[in-house]
Amino acid sequence: MNIVVCVKQVPDTAVERKLKPADSTLDRASVDGLINEIDEYAIEEGLLIAEAQREAGHDAAVTIMTMGPEKAAESIRKALSMGADQAVHLLDDGLAGSDAMSTSYALAQVLKQIGFDLVICGSESTDARMGVMAPMLAERLGVPQVSLASKLEVDGSALRIRRFSEDGYFEVESTLPAVISVVEKINEPRYPSFKGIMAAKKKPVQTMSLADAGIDPALVGLGGSATEVVDFAQRPPRQSGTIVKDEGDGGVKVAEFLAAQKFV
Amino acid sequence: MTEILVLAEHTGDDVKKVTLELITLARRFGEPSLVWIGPGAEQGQARCAEYGAARIYVAADPAIDDYVVAPAAELLAQLVREKSPVLVLVAGTPQSKEVAGRLAVKIDSGVLTDAVDLQPGDDGPVAEQSIFGGATTVHSRVRRGTPIVAVRPNAVAPEPAPGAAELSPVSLAGEVTGARVTSRVVAERGERPDLTEASIVVSGGRGTGGAEGFGVIEQLADALGAAVGASRAVTDAGWYPHQFQVGQTGKTVSPQLYMAIGISGAIQHRAGMQTSKTIVAVNKDPEAPIFELADFGVVGDLFKVVPQLLDEISKRKQL
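These protein sequence lines are chains E and U, in that order.
The first sequence stops at residue 264 when you use this note's numbering, and every number in between is there.
The second sequence stops at residue 319 when you use this note's numbering, and every number in between is there.
Bound-form chain E, shown alone (with noise of 0.2 Å):
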């Protein structure tokens, strides 16, 4: 089974994030680059998949797909320490600024060029936040999506997930091939072991142009995007408010505070 895990470096949330004046880009390089969380689970959920296939006498592999500038790297190694078989890195300046209509088209071109059985994506990252691959990569790609998961069952070519909804789950069923997305419910992504991070250094990484991928240069890229920011500012630090400490009184001041606003 040939099982590919989307992974995106995102800059850690920990640290101040901004965008660039002058194209309205995320600043990517002044701040640590970090393996976006939920894309971890997605990472440990291939492995789990990967090592019951192998288990059950099949073959099966993990490879890690990503798109992002050379720093993207680190990601990578991360990756393959924990366990992934090999990588593919989609690496070319034509790609920066791209939105999420270019970056579901550039990664289905990979995609297209490398196959799959299984694509697993986490829900969404920590910059962008908008929660749309793994359902636009099964629109370019016409297989199932298979989203939001958090259990998940491979049995043969059948796959069972428990999908979080609004108002609780759906329990859903596909066929393979297929994109799935995890929530970070769905399992505890280990740690790199030394062994694996030795071992990382000697594995496979592919690095792929646009020309590579057979990606059209003007269907990416901040020129090629279906959206474009207008203007963005920091905003202000918020009016800081009233604190104070409880001096036996505590619970009385939040009730006038709240009356003053109408709450109750």
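Listed next, the in silico DSS-like pairs over lysine-lysine satisfying Cα-Cα at most 30 Å (straight line):
(1) E/262 - U/284
(2) U/16 - E/151
(3) E/185 - U/16
(4) U/277 - E/18
(5) U/277 - E/262
(6) E/202 - E/71
(7) E/245 - U/317
(8) E/262 - U/304
(9) U/16 - E/262
(10) E/245 - U/277
(11) U/284 - E/245
(12) U/106 - E/112
(13) E/71 - E/185
(14) U/315 - E/262
(15) U/83 - U/16
(16) U/304 - U/317
(17) U/317 - E/262
(18) E/151 - U/106
(19) E/245 - U/315
(20) E/185 - E/151
(21) U/277 - E/20
(22) E/245 - U/304
No lab work stands behind these hints, which were simulated from the structure alone.
Chain E is fixed; fit chain U onto it per the hints.
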């Protein structure tokens, strides 16, 4: 008249509040047409008329609802081709955002998500988004195709306006395929309002100390007619069910009043509540980052402050 397509969120017999918000927003741009997938359009019709929906396209075929997202996106794509709307609005909920994403690919159009406002501009609608946990405000627009915008619940207040809300049956051309829903489980929510739609949310964090301590959060929520939320620490520890998690990896809420009780306010949590209109915090640590956001905060023991607040609310109710 310019037509706007609005994907309805409903409970099967009534529209959700967010749908009325979307109709209200749509009226800034033209004549709102709802797209209602599944049962209940007849029951929901009166309220949609009250808020200005011109018509409701009803796709009652259960097969559409029984498959994940794909048929809903196909139906919208079909309507976009037939009716040529100038804008498609959906609620910024996980499922509707997925529909928006697939629709964008089908009709080769730009999609914007998590809009907190939408205004007419020279080159089409301009969406306001609040990103990086609320630290940056962005205005964006769609520059190709029919703009598709997912709007956060509570972005605008629903305003009544008369509309015909004429029912118009539609059906999906072609076969329904994809991943199939085999069962649905609705979690207990009791009588409390829906978390993403509630105008008041009371959330508890690690400071509640456990499932038992979390009880005061529920009591306060009920006293205020609010929804209950929880921080990730609480849901990860199993003190409260996962579907109530507010934050980066949980739900994003934007109520009129957000009360953070025993929540330190890590970036993970702030990303899910920072656009709340008024924020009140109770925490025993004066250095807790939640106080940077709070309009009103009390540094103190929540088990002293909240019971006193409950007493005070019930006294005021009796006045």
